[in-house]
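Line order of the protein sequences matches chains A and B.
Using my numbering, you'd call the opening residue of the first sequence number 1 and step up by one each time.
Using my numbering, you'd call the opening residue of the second sequence number 1 and step up by one each time.
No lab work stands behind these hints, which were simulated from the structure alone.
Even glycine gets a Cβ: it sits at the ideal position worked out from N, Cα and C.
Careful, some of the hints might be misleading.
For each label pair, taking beta carbons as the anchor points, the in silico distance ranges come out as [said to hold, decoys possible]:
#: 1; chain 1: B; residue 1: Glu89; chain 2: A; residue 2: Asp20; range: 23 to 31 Å
#: 2; chain 1: A; residue 1: Gly54; chain 2: B; residue 2: Ala54; range: 18 to 26 Å
#: 3; chain 1: A; residue 1: Glu78; chain 2: B; residue 2: Glu89; range: 23 to 31 Å
#: 4; chain 1: A; residue 1: Asp20; chain 2: B; residue 2: Ala54; range: 35 to 43 Å
#: 5; chain 1: A; residue 1: Asp20; chain 2: B; residue 2: Glu10; range: 36 to 44 Å
Here are a few chain A residues that face chain B, going by a calculated C-beta distance under 8 Å [what the hints assert, rightly or not]:
#: 6; residue: Gly43
#: 7; residue: Tyr44
#: 8; residue: Thr63
#: 9; residue: Leu68
#: 10; residue: Ala69
#: 11; residue: Arg93
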Amino acid sequence: MRHIQQARWFMGADRNRGIDKHLPLRRVEFHILLSLAAGERHGYGIIQDIEARGDTSVPDVGTMYRALARMVEDGLIEPAARQPAPDRGDERRNYYRITSAGMRIARAEARRLELLMRAARLGGLLPKGVN
Amino acid sequence: MRNRMLNLSERWFRLLQRLYPPDFRDEMGNAAVEAYMDRARDALKTGGRISLIALWVRAFVDSLRNGPAERVRPAAWWRRAGNWGRDIELVRRRLVRSPIFAATTIGTLTIGLGMFAVVYTTVQKVLIDPMPYKNPGDLYYVWRDYGPIRDIKRGSLAGTDILEMQKTNGVIQDAAGLQPMLGGIFALREGAESMEIAVTRTSPNLFDLLGVAPALGRSFAPDEIGRAREQVMVLTHHLWTRLGADPGIVGRDVRLQGRPFTVIGVLPPDFTFVRNDEAAPPQRVDAYIPLAVNLAEPNRRGGYAGLIRARRGASPGAVAAAVDLIGRAIDARDFNSRGLKLYSVGLKADVISRIRPALVVLGAAGLVVVLMLMLNLASVLIARAAQREHEVAVSRALGANTIAIVRSILLEGSLLGLAGGALGALGAIWGTRALVALAPLDLPRGEAIAIDWRIAAAVIAVGGLLGVLAAAPPAVWAARVSLSSLLAGSAVRGGGGQSRWRRGLIVAQVALSLILLSSGALVMRSFERLLRADPGFRSDGVFTVRVRTPPEFFPQNSDASAFQDRVESALAAIPGVTGASATSALPLTATALFEERIAIPGAPGNTGNAEQDTVLTDVILARAKYVEVMGMRLITGHTFTESRQNGVAEAMIDAALARRFFPEGNAVGAKIQLGERSLTIIGVVNQARLYEIHADGRPQILVRAEDFGARPLFYVMRTTREPHSLLPEVQSALRRIDPRVPVGNAQSMDDIVQASLSPQAIGGTLISAFAVGALLLSAMGLFGVISGSVTQRRHELAVRLALGADHRHALRLVLKEGALLVVAGLLIGAPGIYIANRLIRGLLVSVSPSDPLSLLVAALGLLLVTMAACYVPARRALRIDPAQLLRHE
Numbered sequence: 001m002r003h004i005q006q007a008r009w010f011m012g013a014d015r016n017r018g019i020d021k022h023l024p025l026r027r028v029e030f031h032i033l034l035s036l037a038a039g040e041r042h043g044y045g046i047i048q049d050i051e052a053r054g055d056t057s058v059p060d061v062g063t064m065y066r067a068l069a070r071m072v073e074d075g076l077i078e079p080a081a082r083q084p085a086p087d088r089g090d091e092r093r094n095y096y097r098i099t100s101a102g103m104r105i106a107r108a109e110a111r112r113l114e115l116l117m118r119a120a121r122l123g124g125l126l127p128k129g130v131n
Numbered sequence: 001m002r003n004r005m006l007n008l009s010e011r012w013f014r015l016l017q018r019l020y021p022p023d024f025r026d027e028m029g030n031a032a033v034e035a036y037m038d039r040a041r042d043a044l045k046t047g048g049r050i051s052l053i054a055l056w057v058r059a060f061v062d063s064l065r066n067g068p069a070e071r072v073r074p075a076a077w078w079r080r081a082g083n084w085g086r087d088i089e090l091v092r093r094r095l096v097r098s099p100i101f102a103a104t105t106i107g108t109l110t111i112g113l114g115m116f117a118v119v120y121t122t123v124q125k126v127l128i129d130p131m132p133y134k135n136p137g138d139l140y141y142v143w144r145d146y147g148p149i150r151d152i153k154r155g156s157l158a159g160t161d162i163l164e165m166q167k168t169n170g171v172i173q174d175a176a177g178l179q180p181m182l183g184g185i186f187a188l189r190e191g192a193e194s195m196e197i198a199v200t201r202t203s204p205n206l207f208d209l210l211g212v213a214p215a216l217g218r219s220f221a222p223d224e225i226g227r228a229r230e231q232v233m234v235l236t237h238h239l240w241t242r243l244g245a246d247p248g249i250v251g252r253d254v255r256l257q258g259r260p261f262t263v264i265g266v267l268p269p270d271f272t273f274v275r276n277d278e279a280a281p282p283q284r285v286d287a288y289i290p291l292a293v294n295l296a297e298p299n300r301r302g303g304y305a306g307l308i309r310a311r312r313g314a315s316p317g318a319v320a321a322a323v324d325l326i327g328r329a330i331d332a333r334d335f336n337s338r339g340l341k342l343y344s345v346g347l348k349a350d351v352i353s354r355i356r357p358a359l360v361v362l363g364a365a366g367l368v369v370v371l372m373l374m375l376n377l378a379s380v381l382i383a384r385a386a387q388r389e390h391e392v393a394v395s396r397a398l399g400a401n402t403i404a405i406v407r408s409i410l411l412e413g414s415l416l417g418l419a420g421g422a423l424g425a426l427g428a429i430w431g432t433r434a435l436v437a438l439a440p441l442d443l444p445r446g447e448a449i450a451i452d453w454r455i456a457a458a459v460i461a462v463g464g465l466l467g468v469l470a471a472a473p474p475a476v477w478a479a480r481v482s483l484s485s486l487l488a489g490s491a492v493r494g495g496g497g498q499s500r501w502r503r504g505l506i507v508a509q510v511a512l513s514l515i516l517l518s519s520g521a522l523v524m525r526s527f528e529r530l531l532r533a534d535p536g537f538r539s540d541g542v543f544t545v546r547v548r549t550p551p552e553f554f555p556q557n558s559d560a561s562a563f564q565d566r567v568e569s570a571l572a573a574i575p576g577v578t579g580a581s582a583t584s585a586l587p588l589t590a591t592a593l594f595e596e597r598i599a600i601p602g603a604p605g606n607t608g609n610a611e612q613d614t615v616l617t618d619v620i621l622a623r624a625k626y627v628e629v630m631g632m633r634l635i636t637g638h639t640f641t642e643s644r645q646n647g648v649a650e651a652m653i654d655a656a657l658a659r660r661f662f663p664e665g666n667a668v669g670a671k672i673q674l675g676e677r678s679l680t681i682i683g684v685v686n687q688a689r690l691y692e693i694h695a696d697g698r699p700q701i702l703v704r705a706e707d708f709g710a711r712p713l714f715y716v717m718r719t720t721r722e723p724h725s726l727l728p729e730v731q732s733a734l735r736r737i738d739p740r741v742p743v744g745n746a747q748s749m750d751d752i753v754q755a756s757l758s759p760q761a762i763g764g765t766l767i768s769a770f771a772v773g774a775l776l777l778s779a780m781g782l783f784g785v786i787s788g789s790v791t792q793r794r795h796e797l798a799v800r801l802a803l804g805a806d807h808r809h810a811l812r813l814v815l816k817e818g819a820l821l822v823v824a825g826l827l828i829g830a831p832g833i834y835i836a837n838r839l840i841r842g843l844l845v846s847v848s849p850s851d852p853l854s855l856l857v858a859a860l861g862l863l864l865v866t867m868a869a870c871y872v873p874a875r876r877a878l879r880i881d882p883a884q885l886l887r888h889e
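Extracted from the complex, chain A is given alone in its bound form (with noise of 0.2 Å):
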């Protein structure tokens, strides 16, 4: 019984701190997660949500794929079948989809984006009871 617990205690410990290594996520990372989270997105469909987001600094092409292919390599992210971008008729896209792994770790990202603001506002560096 105590084996389990320990077992159980050091997979936990080890889940945790899989998520914890890639916290904090960098600008980018983060963003890919985003619009992935809402839906299976190609790179150019990627760098026009975020342009969509009002971000001041839109990601390079070449920052974004190498961010994809190391996302790719940790596991948060994973390329799915090639198919026709919607608003380029026949053409096909690379798209990629968010795998649970990157699922869990944008929203430990995004908490703990929240706990930042939350103590900013309390701080004083925000305007308080503002959504």
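Since the structure of chain A is provided, determine the placement of chain B on it from the hints.
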């Protein structure tokens, strides 16, 4: 227009992709270009050409930043270098699948590298590591070359010489004189059981000069020297432990030769000092006491070994010049400028001078063995790669990366090498212990010989490097294998490239083994000559002990003589002892205490030239029956008997003196002049060699100990029992006669003979083991090549057989192939023998380095073994059935 702009953009974006590493380009390149193109279309749509060109610039900056960054990203770099974990796993699986290959290869490497590790440890610790003193490179021994007046090259110094060197204060900073104490009967207190220890007398500055502080207590004060102040003693850690390691020993009174001494200090455990004497091998020391006389006083106990410390950083040349300068002044003052020189030898060089040539040879042999191991591993790995020829060719045809194939072969080699190195280093832990146990007691620095982690790491690294180098030729070969070459080659007789490599390796191995074997044969032949040498006595069944009769216990010569008579008759009465006697110098221990010039006035061999007609001889003091007990050979006359003629001092001369002075052979009855004394020759004997087993030393005369009032040290007994079994009875006999006198240094003459042979025995054994190992390696390699060749040539042989050749012809064909390789190896190796001979010359005793018999035996032996290694696999050619084989094609 719009399409042209887009085409241009695409080409630009693809060009920019070249900045990224290839694997990233393969994976992400297309997608990235598509993304850029999407951007370009949008840019053209919303902002026209200006914003398209802005995008080009932006893409350029982007690629310039991210491309090189991706190239140097550590994780990607690692991945690009290959999946090491997977590769190692693959190699491990391949090795597990062929356990016999893995076991023999790793076994060979373990034995070879283990031997290398033992030799390397010995060479490192004895020849290379500094001795445990402060700035040991600045320490030198100083000796006097008595050349012009005596046949002594390495003579001792007088006290005044040491003082001269202390006074200069230039290049020579400090000097100390050392002297063995004759006698070391030690007891912890009055009446306690006594034991023998080795004591050295020294000037009080010895420990300051060496830069060593005692672990307990203090060292000698500068004024602790001379008769009044000498009763202080510093113990070595070794003796202190033997006495029970009592820290309270400092300040306590102990007895040395029955006289009180105060222990003032105990030296640290890592301190070892070997006192070097003029003639004897380096001696261990148990305790130090100050010199009994001031250096300025004349000392009738003989000379000193001089030890100096030079100024920090002074070159050996400068030290030699300074010593020489002092030597000239002393020569002019004390020796009427007859040309007696002083010279300096580095402390370490002096201590190891006797063993250095053997170690250099062993070190060289060790390197050759490592080279052989490498060549052998290379040919084994080539054979293994050849078995995988199809696999390699097919995987390359399917697009496997050349780098990956090369890497897997290199990895296999280095893993095998590392495993062999690690196991060899492990084995060397016991190997070095065995070596030290076998080594002669006086092996200098023997206590330091043990493998440490630095040496183990070096051996493992050598193993890994050897593996990588050995894997290089098969890796290069595999990189060239392609499907087309495989198809082209196999049509006729199978891949030719790898067998060319292997043949070259075999030739090199045969050449190297010839060199090792010929050196081994010479060393063994020299050893065998030594074993058969007649040392001038019969060593079997002789037991010896050392019993001191110090003047402190026996003030009068008559007391000592009476004591010795009683001891001798008590020893002779022990059951199984057929005779007992005593001598001042045991054979083969280089301990003649007394060398003198003699003349034989009126002898027929005299030339009339007084200088030539006096001969420096070793004078050996003996009691009655010594010649019989030691089994020496009497040529004419008679020996010392129990009854002495009154007023006649008897002497025996050795055959060399008899030939020199009495060519006609009528020596008996003639008178010898030895100093003031006149001795009568009563017999001529073959000399019992004092120094070396294979050659006479200085001429000897034997005189009766009683005539000289001398007190011989060593009792000798001839016995029908196992010599060492006498020891308890000898001890109890001595205790009954005088309990104050301990029995020291019990050994049989066989032990002494063996000890004097042990450097040669160890050197001979190791070199022979290396040589035999090398021979086996070549034989193994040849076996592999020939059996591979039979397999490859079986079609050709089958065709020949089908066309009417008989099987014996086929066998001859295969054997010829092997013989050619061996002969080529012999021819290439022959010049190497001459290089090796230069190295081993110093080891050989009464064998010429170009001894034709040894060299012939080595070459023939090599030829025989290698041809046998060819014959066994070649016989398979006899079993080829052409009809069956060709049908299967």
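Problem set entry | List of violated hint numbers, smallest to largest | none
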